[in-house]
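Listed below are the residues making up each chain.
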Amino acid sequence: MIRTASFAALLLALFCTAANAAEPDTQEQVQSDVSTREIAIESNFTGIEILIFGSIDFSDEQTPAEASYGVITVVRGPTEPVAVTRKHRIGGIWVNGPGKSFATAPGFYAVLSSRPFRSIASDDTLRQLGIGLANVDFGRYTRGHHADDAYRAALVRLRTEEGLFQENDGGVSFIGRSLFRANVTLPVNVPIGHYTADVYLFRDGKLVSKNVSGLYVNKVGFERVIYSLAFQHPFLYGLLAVALAVLAGLTGWYAFRRD
Amino acid sequence: MFQVYLPIAELSVNILVMLGLGAAVGFLSGMFGVGGGFLLTPLLMFSGIPPAIAVATGANQIVGTSVSGTLAQWRRGNVDVHMGAVLIVGGVAGALAGVLLLKALQQIGQSGLIISLTYVVFLGVIGTLMLWESLRVIRRTRAGKTVPARSGQHNWIHGLPFKMRFPQSRLYISAIPPLVIGAVVGLLASFLGVGGGFIIVPAMIYLLRMPTNIVIGTAIFQIIFVTAVVTLLHATLNHTLDLLLALILVIGGVIGGQFGVRAGHRFRGEQLRAMLAVVVLAVALRLLFDLVVEPVELYSIIPLTGV
Chain A
16 MIRTASFAAL LLALFCTAAN AAEPDTQEQV QSDVSTREIA IESNFTGIEI LIFGSIDFSD
76 EQTPAEASYG VITVVRGPTE PVAVTRKHRI GGIWVNGPGK SFATAPGFYA VLSSRPFRSI
136 ASDDTLRQLG IGLANVDFGR YTRGHHADDA YRAALVRLRT EEGLFQENDG GVSFIGRSLF
196 RANVTLPVNV PIGHYTADVY LFRDGKLVSK NVSGLYVNKV GFERVIYSLA FQHPFLYGLL
256 AVALAVLAGL TGWYAFRRD
Chain B
122 MFQVYLPIAE LSVNILVMLG LGAAVGFLSG MFGVGGGFLL TPLLMFSGIP PAIAVATGAN
182 QIVGTSVSGT LAQWRRGNVD VHMGAVLIVG GVAGALAGVL LLKALQQIGQ SGLIISLTYV
242 VFLGVIGTLM LWESLRVIRR TRAGKTVPAR SGQHNWIHGL PFKMRFPQSR LYISAIPPLV
302 IGAVVGLLAS FLGVGGGFII VPAMIYLLRM PTNIVIGTAI FQIIFVTAVV TLLHATLNHT
362 LDLLLALILV IGGVIGGQFG VRAGHRFRGE QLRAMLAVVV LAVALRLLFD LVVEPVELYS
422 IIPLTGV
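Note that the protein sequences, when read in sequence, are chains A and B.
In case it helps, the numbering used here puts the first sequence at residues 16 to 274.
In case it helps, the numbering used here puts the second sequence at residues 122 to 428.
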């Protein structure tokens, strides 16, 4: 009887410990934010560098050298359907083949990590979270052969060459034992829309905390006026363009005429 | 420092490069009486502007350079308004047909290829014919022989009905050939993003037998209206017109065009035609080269939004 009671007490104690471990107060948590929440595209826009910063709360690391934590930051831009085509030679000229289309290819995707991200978490975990260019979900293909990975590889390669897809091992750097920062370069051709910056905190290969912040890329001022006019009042926009061209032509003729 | 972000093309270009491009094309436009679109559209594409935006924006730039070019020609009495009006009527009908054709080709994803092939065929044939004809005239003139004046000669065109009087060109011919020529040019204008000068100038010289100086003035006059219609159609249906890029190009083009008109007056008609033929052939060869030589990058990404 006493034995049973003590066993029950032991079980209870074990449960309490387990509950305590799951309690957010004592577990490591990651907090993060981005330096610029609104990115304005004006006529002098040539790309921008944003800073993602954060800290690990309740870090139990004594010195940075322990390096038991791994931080991975993923910045995802708006998705859009795209087709990837390959040229074939037909009758001496190079012609676009039917290719393969992807429903939700991100217009921007960057992975930054505090050390090579494959050493931070297992391939399965990375695949589940969509971390890494090999694991990005491009959505269902709507044409082409599903087994042909060459088109997917080409999409990744072309976007990487444009700076729209990035993998940067060591892009997240620690300042002291709990503060970290990551610089992400958005090139000039970034699509407009809503972006998310996800910060994942791993410990010993396990995801222990995640923080999401958002940013918005939009055209402002003159660029915005032109853009919205072109898409909301296209006929008026066309008339304006013709009128401006005629005006420029008249001005040019008047300025250069010889009397 | 000189980089400027284009709101519709969504990329950053060097403003000086684009001004220079507009000026160079405007110079040729004023000199030869062509819109220069056959040069501007490929040059914009070579600079990294997406083809659809290059076509629409190029058309808008040609409106501006054609206005100042026409005024310069007008003062010299080189514009046949009657002939221009008939060409424009045909041209507007052709432009509408061209936009519909382009939309159909875009749906099967082969618009780029067909545009390039059409460019190569038209520029190649016309460039070769013009070069051959003008060199023959130049050789004969050098040899001291007189070249028989062509105007007044009769061909099959003079047998057609609906005759109209075109006093400026000293012609009394049927309205059907100018209407058909106008329609063909309108079709090509909207389809290729050109003014169509490279078609209409030889057509008026060789088919209608108009005097060369009147041909240039009248061609550039009708190009204003055809490219204005093309600009409106592209802006409304495809949203591919970049106003900022068009403004930069038009400023360069207007300045270049004025110098072009003056440069053109230093040369004889056949010399101008020979020079234009060389430029036309060079563009055709460059486009053919791109079609035939294995591209460095076989893959390309095509956005499907709005399709």
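Wrong hints could be hidden among the right ones.
Here are the simulated EDC-like pairs of lysine to aspartate or glutamate, each with C-alpha atoms no more than 20 angstroms apart in a straight line [said to hold, decoys possible]: (1) 102(A) / 415(B); (2) 221(A) / 164(A); (3) 102(A) / 418(B); (4) 102(A) / 176(A); (5) 225(A) / 75(A); (6) 221(A) / 138(A); (7) 234(A) / 131(B); (8) 225(A) / 184(A); (9) 234(A) / 219(A); (10) 225(A) / 72(A); (11) 234(A) / 64(A); (12) 102(A) / 411(B).
Negatives, chain A to chain B, calculated, CB over 12 angstroms [as the list claims (entries may be wrong)]: (13) 66; (14) 72; (15) 111; (16) 116; (17) 182; (18) 240.
No wet-lab data here; the hints were simulated from the structure.
Please read these numbers as outputs of a predicted model, since none were measured by experiment.
From the three backbone atoms N, C-alpha and C, an ideal C-beta is built for every residue, glycine too.
Now the hints, each set against the structure:
1. The hinted pair formed by residue 102(A) and residue 415(B) meets the criterion: a straight-line CA distance of about 9 angstroms does not exceed 20 angstroms.
2. Among the hinted pairs, residue 221(A) with residue 164(A) is inconsistent with the structure: their alpha-carbon atoms are about 30 angstroms apart, more than 20 angstroms.
3. A threshold of 20 angstroms between alpha carbons decides the hint, and for residue 102(A) with residue 418(B) the separation of about 9 angstroms falls inside it, so the pair holds.
4. For the hint pairing residue 102(A) with residue 176(A), the CA-to-CA distance comes to about 19 angstroms; that is within 20 angstroms, so the pair holds.
5. Between residue 225(A) and residue 75(A) the CA atoms are separated by roughly 17 angstroms; this keeps the pair inside 20 angstroms, and the hint holds.
6. The suggested pairing of residue 221(A) with residue 138(A) holds, with an alpha-carbon distance near 12 angstroms, which does not exceed 20 angstroms.
7. Proposed proximity of residue 234(A) and residue 131(B) is supported: the alpha carbons are some 10 angstroms apart, at most 20 angstroms.
8. Annotation: proposed proximity of residue 225(A) to residue 184(A) holds, straight-line Cα distance about 19 angstroms (limit 20 angstroms).
9. Restraint check: the Cα-Cα separation between residue 234(A) and residue 219(A) comes to about 42 angstroms, which exceeds 20 angstroms; the hinted pair is violated.
10. A threshold of 20 angstroms between alpha carbons decides the hint, and for residue 225(A) with residue 72(A) the separation of about 12 angstroms falls inside it, so the pair holds.
11. Restraint check for residue 234(A) and residue 64(A): satisfied, since their Cα atoms lie roughly 17 angstroms apart, inside the 20 angstroms limit.
12. Among the hinted pairs, residue 102(A) with residue 411(B) is consistent with the structure: their alpha-carbon atoms are about 12 angstroms apart, no more than 20 angstroms.
13. Interface exclusion of residue 66(A) from chain B stands, the closest Cβ pair being 22 angstroms apart, more than 12 angstroms.
14. Here residue 72(A) stays apart from chain B, with its beta-carbon at least about 40 angstroms from theirs, past the 12 angstroms limit.
15. Residue placement check: residue 111(A) does not keep its beta carbon more than 12 angstroms from all beta carbons of chain B (closest about 6 angstroms).
16. With a cut of 12 angstroms on Cβ distances, residue 116(A) falls inside the contact zone with chain B, its closest approach being about 6 angstroms.
17. No Cβ of chain B approaches the Cβ of residue 182(A) within 12 angstroms, the least distance being about 19 angstroms, so the stated non-interface status holds.
18. For residue 240(A), the non-interface assignment is contradicted: its Cβ lies about 8 angstroms from the closest Cβ of chain B, within the 12 angstroms cut-off.
The structure fails to meet hints 2, 9, 15, 16, 18 from the earlier list, while all remaining hints are met.
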